[in-house]
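Protein chains: 2
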Amino acid sequence: MAEIKVGIVGYGNLGKGVQAAVKQNSDLELVGVFTRRPVDTVNVNEEGVEVVNVADAKDYVDQIDVMLLCGGSATDLPVQGPKFAAMFNTVDSFDTHAKIPEYYEQMNEIAEENGNTSAISIGWDPGLFSMNRMLAGAVLPEGKEYTFWGRGVSQGHSDAIRRIDGVKDAVQYTIPIDEAIEKVREGQNPELTTKEKHLRDCYIVIEEGADKDKIAEEIKTMPNYFAEYKTTVNFVMAEELAEKHSAMPHGGFVIRSGQTGEDKENNQIIEFSLKLDSNPEFTASVLVAYARAIHCFNQEGQTGAKTVFDIPLSYLTNKSSADLRKELL
Amino acid sequence: MAEIKVGIVGYGNLGKGVQAAVKQNSDLELVGVFTRRPVDTVNVNEEGVEVVNVADAKDYVDQIDVMLLCGGSATDLPVQGPKFAAMFNTVDSFDTHAKIPEYYEQMNEIAEENGNTSAISIGWDPGLFSMNRMLAGAVLPEGKEYTFWGRGVSQGHSDAIRRIDGVKDAVQYTIPIDEAIEKVREGQNPELTTKEKHLRDCYIVIEEGADKDKIAEEIKTMPNYFAEYKTTVNFVMAEELAEKHSAMPHGGFVIRSGQTGEDKENNQIIEFSLKLDSNPEFTASVLVAYARAIHCFNQEGQTGAKTVFDIPLSYLTNKSSADLRKELL
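Order-wise, the sequence lines are chains A and B. Using our numbering, the final residue of the first sequence is 462, and nothing's skipped along the way. Using our numbering, the final residue of the second sequence is 462, and nothing's skipped along the way.
These aren't lab readings, by the way, just hints derived from the structure by calculation. Hints may be right or wrong, so weigh each one.
If chains are identical, the list can't say which one is meant, so a pair holds when it fits in one copy or spans any two.
To be verified - Below 27 angstroms or equal to it, Euclidean Cα-Cα: the simulated BS3-like pairs (lysine-lysine) are:
hint	residue 1	residue 2
1	397	452
2	452	232
3	156	328
4	191	156
Sequences are here, hints too, so could you generate the full structure?
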């Protein structure tokens with residue numbers, strides 16, 4: 134029996150991932166998909182799930198326990214977050230790191246005023262990676278921490294290439310450098326430059342007659358995005374890009390190397406890693422677990438904005454605490 | 134300035150690890166070491182730290198915020214836990230998995246009755262590994278989970294060898310099998326037998342004239358401990374054992390391999406691993422972080438027994454929530 138009724142705002146890759154993830158959790162039920170597009174153009178392929186215009190969301194206040202906001206951080210969430218937090222409990226994946234404190238304050242105020250609870254910046258980074266950075270730092274205060282991302286597609290870098298004259302389409306992979314990871318794992322505590330941690334591998338489809346050398350040069354010297362990295366550029370046909378580079382894998386590593394003992398003579402390594410076939414589906418799976426937690430928090434009267442640091446792990450599952458102690462401790 | 138005053142009960146490897154870990158946390162201060170041994174035979178090598186007989190612990194109720202119980206799970210903690218939970222907030226590493234539910238009930242009742250808070254079964258397994266099993270299972274409900282231990286010294290297995298006639302001393306390493314880990318990491322979701330997951334490597338010093346073949350045979354056929362595993366036996370001199378096998382390394386891997394998507398077509402791997410030079414010092418570092426959390430819980434009036442599933446991560450550090458959001462999210 135489904136105890137927690139949820140809605141999805143935004144039906145892109147992340148929204149579709151949430152729809153699939155909800156099906157794997159029998160205590161959750163998807164009530165509706167809320168979209169800015171004309172509702173008759175959106176087919177969610179699932180019986181019993183309504184497609185609703187976002188403007189009509191307020192009519193669903195009594196029917197939905199938690200709304201999962203699946204828009205992007207650049208322009209969608211700064212507007213959708215506060216708007217929905219005034220009406221519903223929410224979960225979002227706001228990931229513009231520099232703006233998180235400001236977003237938190239805004240969401241916290243609105244959610245609290247309206248007696249709602251909002252989990253912000255949920256996913257894997259921010260999210261599971263943040264939890265591991267925090268936990269490892271608390272356990273090993275004397276130490277050094279490293280985050281590596283990839284191998285995975287970076288939308289921001291792919292978009293930057295697509296804006297170059299003569300480029301039709303592009304996919305950019307961020308690749309962590311194995312030698313650097315090995316040094317960290319061995320407890321060497323290396324100082325690593327940007328270039329030593331990641332390299333960038335680009336697959337590009339060009340317009341007919343465009344100048345390959347000029348495009349490659351423009352990519353490799355692009356400040357902030359590529360100039361600081363070792364970058365490889367591969368020109369491919371549109372068919373090859375579609376066939377071999379349309380998946381959305383990602384992942385990465387959070388490693389803390391710390392020293393313990395009277396003379397810090399013992400090295401201790403804590404490592405958390407992800408290897409994901411589908412970045413949006415994994416992020417969606419994390420959002421869904423936190424939807425459960427946020428519903429419970431709200432039921433208990435804990436309102437306002439919450440992050441992964443504030444929510445005990447036991448809230449993420451529908452198992453009883455007694456079962457958790459028996460089966461997983 | 135130290136805000137949290139702690140005590141250590143039991144001054145073995147774990148207790149000494151706690152003493153060293155407290156020094157890495159400026160908001161904690163070690164007040165006393167409580168021992169069953171004659172107090173004048175225990176030298177803690179630290180100014181300002183008292184050595185006290187456990188029988189006098191009740192005199193310190195107003196001077197200590199959290200007592201870290203550093204005894205063993207077989208005979209010490211079942212007695213010490215309830216006794217100290219009646220007087221102090223406590224943190225312990227009770228790790229007899231099968232008896233945790235019963236121990237929890239007992240500790241919860243006594244701590245609650247006395248207005249105290251007790252973190253039980255803290256460390257890495259149970260502890261950090263349990264957290265990762267729970268978190269990964271909540272995020273990827275459709276999947277399979279694996280725990281590998283080692284390479285590390287198993288005290289239980291080393292003791293079992295020492296009980297054999299003709300054996301003077303022994304160290305046993307539990308070693309995870311790389312091929313099995315690789316299969317799991319690749320998302321193959323293998324069914325693994327006991328023998329396929331770990332092997333056992335033994336270093337043994339024998340009495341003069343003892344029969345090597347007989348001892349090796351006795352080890353390799355010992356039910357529950359070795360018979361189910363591939364076991365290698367190495368005979369060494371006492372000097373070599375002392376020189377090369379007296380460290381206490383350990384570690385291991387918790388890996389969940391899950392499937393997401395409408396047709397479970399995408400594989401997602403979550404992995405948490407530890408590589409520890411010193412098992413007791415690392416366990417001690419985890420206990421100390423939870424001492425901080427338990428103090429805060431008690432200040433807030435949250436009494437009774439708690440596990441790693443009940444405590445939000447933000448309680449493990451002395452950073453403010455605003456700083457955590459800014460720096461680590």
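Quick rundown of the hints versus the structure:
{"no.": "1", "hint": "397 <-> 452", "result": "between (40 angstroms within a copy, 23 angstroms between copies)"}
{"no.": "2", "hint": "452 <-> 232", "result": "between (35 angstroms within a copy, 19 angstroms between copies)"}
{"no.": "3", "hint": "156 <-> 328", "result": "neither (42 angstroms within a copy, 36 angstroms between copies)"}
{"no.": "4", "hint": "191 <-> 156", "result": "within (25 angstroms within a copy, 54 angstroms between copies)"}
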